[in-house]
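*Asks:* I would like the entire structure built from these sequences, with the hints used as guidance.
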Amino acid sequence: MKWLIDSDTSKLEFVREVEEESGIKIFACYQCSKCSAGCPIAFEMDYLPNQIIRMAQLGMKERVLASRTIWLCAGCETCTTRCPREVDLAAVMDALRIIALREKVKPSERDVQLFNKIFLSTVRKYGRVFEGEMIGRFNISSGHLFKDIFKAPKLLKRGRLKIFPALTDVKKMKDIFKGTEDI
Amino acid sequence: MLVVDQLPKTELQEIPFKTKIPRIGVFICHCGINIAGVVDVEKVASEFAKIPGVVHSIDYKYMCSNPGQELITTTIKEKKLNGVIVAACSPRMHETTFRNAALKAGLNPYRVEIANIREQCSWVHQNEKEKATEKAIQIIYSILEKVREDQTLEASHSDVEKKALVIGAGIAGIQAALDIAQAGYPVILVEKESCIGGHMTKLAETFPTLDCAACILTPRTVEVSQTPKIKLYTYSEIEEISGLVGDFRVKIRRKARSVIEERCTGCGICQEKCPKKNIPSEHEEGMGTRKAIYISFPQAVPNIPVIDRESCIFYKTGKCKVCQKFCEPEAIDFEQQDEIIEEKVGAIVVATGFKQLGKDLYGEYGYGKYKDVINSIQFERLQSASGPTLGEIRRPSDGKIPKIVVFIQCVGSRDRSKGIPYCSSICCMYTAKHSMLYKHKVHDGQAYVFYIDVRAAGKGYEEFWARAVEEEGAIYLRGRVSRLFEKDGKIVVRGSDTLSGTQIEIEADMVVLASAICAHPSAIELAKKLRIPYDQYGFFTEAHPKLRPVETTTMGLFLAGACQAPKDIPTTVAQASAAASKVLGLLSQEKLSHDPITAVIDDEICSGCGLCVEACFYGAREIDGIKQISTVKEVLCEGCGACTVACPNGATQLKNFTKEQILSMVDVML
Chain A
0 MKWLIDSDTS KLEFVREVEE ESGIKIFACY QCSKCSAGCP IAFEMDYLPN QIIRMAQLGM
60 KERVLASRTI WLCAGCETCT TRCPREVDLA AVMDALRIIA LREKVKPSER DVQLFNKIFL
120 STVRKYGRVF EGEMIGRFNI SSGHLFKDIF KAPKLLKRGR LKIFPALTDV KKMKDIFKGT
180 EDI
Chain B
0 MLVVDQLPKT ELQEIPFKTK IPRIGVFICH CGINIAGVVD VEKVASEFAK IPGVVHSIDY
60 KYMCSNPGQE LITTTIKEKK LNGVIVAACS PRMHETTFRN AALKAGLNPY RVEIANIREQ
120 CSWVHQNEKE KATEKAIQII YSILEKVRED QTLEASHSDV EKKALVIGAG IAGIQAALDI
180 AQAGYPVILV EKESCIGGHM TKLAETFPTL DCAACILTPR TVEVSQTPKI KLYTYSEIEE
240 ISGLVGDFRV KIRRKARSVI EERCTGCGIC QEKCPKKNIP SEHEEGMGTR KAIYISFPQA
300 VPNIPVIDRE SCIFYKTGKC KVCQKFCEPE AIDFEQQDEI IEEKVGAIVV ATGFKQLGKD
360 LYGEYGYGKY KDVINSIQFE RLQSASGPTL GEIRRPSDGK IPKIVVFIQC VGSRDRSKGI
420 PYCSSICCMY TAKHSMLYKH KVHDGQAYVF YIDVRAAGKG YEEFWARAVE EEGAIYLRGR
480 VSRLFEKDGK IVVRGSDTLS GTQIEIEADM VVLASAICAH PSAIELAKKL RIPYDQYGFF
540 TEAHPKLRPV ETTTMGLFLA GACQAPKDIP TTVAQASAAA SKVLGLLSQE KLSHDPITAV
600 IDDEICSGCG LCVEACFYGA REIDGIKQIS TVKEVLCEGC GACTVACPNG ATQLKNFTKE
660 QILSMVDVML
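Chains as they are written, first to last, in numbering that gives the first Met the number 0: chain A, 0 to 182; chain B, 0 to 669.
I should point out that these hints are in silico values taken from the structure, not numbers from a laboratory.
A portion of the hints provided could be inaccurate.
Said to hold, decoys possible - Simulated pairs of lysine-lysine, DSS-like, Cα-Cα distance not exceeding 25 Å:
no., chain 1, residue 1, chain 2, residue 2
1, A, K116, A, K150
2, B, K145, B, K134
3, A, K150, A, K161
4, B, K399, A, K10
5, B, K489, A, K10
6, B, K438, A, K24
7, A, K10, A, K103
8, B, K191, B, K250
9, B, K489, A, K1
10, B, K402, A, K24
11, A, K10, B, K402
12, A, K10, B, K440
13, A, K10, B, K438
14, A, K10, B, K486
15, A, K124, A, K146
16, A, K1, B, K402
Stated by the list, open to error - Here are a few chain A residues that sit away from chain B, every Cβ distance over 12 Å (derived from the structure):
no., residue
17, G74
18, G131
19, R159
20, D168
21, K171
We put the CB at the ideal spot given by N, CA and C, even for glycine.
*Replies:* What follows is the structure, given as structure tokens:
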């Protein structure tokens, strides 16, 4: 891998964009890699969390936005909690996903984004998550038709999975959605 | 060596211990498990309990502890011992401790001997416990032979010349000289250059507080010139040093300045009128020019010019003398010769500083080839308000303001293949400072720093470099640079960043090399004159890295500043004050005691061949003109034994290391 730094300063704009979106000082990171050391998803990632930050520091926008890591991050905040430099890595990952969507970069983890979308649409529709519909729609859209299907009877029996949605205050939820979209 | 007779004399004389019958005590130290973990100390103790002449043999956990020393003292008194062996660590560690313990009991300290069963036995034979025990016994047997023949010796005393010499007037030398002078002792301060202040005069601002170097240094240089107790010799070098602690004889060469210092008013008209221009200025590190007669910089102390005879038109052609014509006080003296001054001092502080690595080691970085590749001290000059660009950051080739500046750390340092495996210690911090100051002056510029590690161990240092990165926007790239090359008026820097696993190429406008801090090229020559040890890199060696950090192995000679190892200003100043306090400790003594273990001469058999005179490193031996035999100057003798080996007929012996003693020590071993 080779990286050219010349008088074109637009590359460094990316750092500012991420900082603005996340409200986090990217250059506070001194690359101790404690985030990567504790990340439960690290084994699946193409770049470790600290590497994502490093690439962001150097302005490697394309590489960062195309990475699987930013989609695989579950936002568990283990990294955020443990970071000695108070870098809220989970917030940075959120910001990177937002920038990727805004810039219409095709997510390298298609299913993750699909899940996010369906999750949010059920919330919008019912005021809270409705697992039954969400799993059904996700399995159909993703093409993994029978994914986790055998877990359904047990979940139904224990009441963790409902046949009908439990409606909450749908109107208020819609207002919240509208409010965030206006921002 | 200073020795152990700090107790009042009366106490010593009360107890008679001169008896022909040996009454020896053997004390075996466990040193925790250092010795006892390998050597069977109880067996050793019981072995010696059986030996005739040994009246006491005992082992103890820590002999050097207070109860351990007490054990020795009380046993000497109770059993009326006239010889003591402490089998423990190296005599370098605790010989003095145990000799003092003996002194407390009224035993002559030179009847105490150390058997080294730690460094020379237990530590090196950890896997052979039985053999180690055997060896420990052998070692003690041989020391026993020595103790039997040891004589009672008394330390000799000499006067102290209550004056100090400080060599080098950088910040270290200045601090040491001021400290000593403020305590009331006269100081001779010798500086090789035409003015004082050293490297610090070239610096712009200093880390980690960014206070201006000139603002904190010039009050000190002025104070030196105004302190009556300090006699300042600039443009002078040490020619020769002889003598010893308390009585050093120093010859100082005052190089011909071609200007009579007493007459010169420092008006500067000579410099103004001198027709020989454009000589690269040493003070500006070649980034600016000076005349053939010059004052290094406006705030120079002393404010007296010097003629560079290599460049001066008069010295080349015999004509010119323009400066002389304009000099009203008639201070110019073309006939001036070097002058040798002799001084007598009691103690010496060596503060000769360092030199930054030149262009010889890193061809791939093109220093000296590409104009826009400069070293860090040149960058300091660019930043300095009194520098060649009056503090504006402009690159040397075309005077443009550089928008991308790459700083490369560890140029030479930590590079074993180039023979500089050590860390230069200050580059991390001054590079952080440089990147910061650059940003202060070029707001739209970007600084990149190639580094291997950032070593920020001082007070406020870590916060300082974090500030460079987080607030001043310097981008740190972790890796070495492979090479630099010119392309379309840019310097292309090819390096890498291990943190992102990327090869990096930067099209820079200017590159600054943090070149290694090296010993001054003349350091070794000086070390030989001073008889002080130096390491393989030419840095002077302290007597002990932890416990005697400003002393040398030669008594009365102390170290301060970067001549000992690369170091920053706070550490240098601290070390200089430490050296000064050591000097004061010495000068405040009425008399100095000397180790009585010196060479003695048997007049009867000396043939006056003079081999001992040649062998003596300290000038302590000479041939008596009348008797035609050799003599020993005891105060100069360090007891090294070189003359005793050189002596062909055994006329020269070392006290308590006589030929008979050494032979019987060897005999008992075989």
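*Asks:* Each hint needs a verdict: does it hold in this structure or not?
*Replies:* Status of each hint after checking the structure:
{"no.": "1", "hint": "A:K116 to A:K150", "verdict": "holds (23 Å)"}
{"no.": "2", "hint": "B:K145 to B:K134", "verdict": "holds (17 Å)"}
{"no.": "3", "hint": "A:K150 to A:K161", "verdict": "holds (13 Å)"}
{"no.": "4", "hint": "B:K399 to A:K10", "verdict": "holds (24 Å)"}
{"no.": "5", "hint": "B:K489 to A:K10", "verdict": "holds (19 Å)"}
{"no.": "6", "hint": "B:K438 to A:K24", "verdict": "holds (19 Å)"}
{"no.": "7", "hint": "A:K10 to A:K103", "verdict": "holds (18 Å)"}
{"no.": "8", "hint": "B:K191 to B:K250", "verdict": "holds (14 Å)"}
{"no.": "9", "hint": "B:K489 to A:K1", "verdict": "holds (19 Å)"}
{"no.": "10", "hint": "B:K402 to A:K24", "verdict": "holds (24 Å)"}
{"no.": "11", "hint": "A:K10 to B:K402", "verdict": "holds (15 Å)"}
{"no.": "12", "hint": "A:K10 to B:K440", "verdict": "holds (23 Å)"}
{"no.": "13", "hint": "A:K10 to B:K438", "verdict": "holds (19 Å)"}
{"no.": "14", "hint": "A:K10 to B:K486", "verdict": "holds (21 Å)"}
{"no.": "15", "hint": "A:K124 to A:K146", "verdict": "holds (24 Å)"}
{"no.": "16", "hint": "A:K1 to B:K402", "verdict": "holds (22 Å)"}
{"no.": "17", "hint": "G74", "verdict": "holds (24 Å)"}
{"no.": "18", "hint": "G131", "verdict": "holds (44 Å)"}
{"no.": "19", "hint": "R159", "verdict": "holds (43 Å)"}
{"no.": "20", "hint": "D168", "verdict": "holds (44 Å)"}
{"no.": "21", "hint": "K171", "verdict": "holds (41 Å)"}
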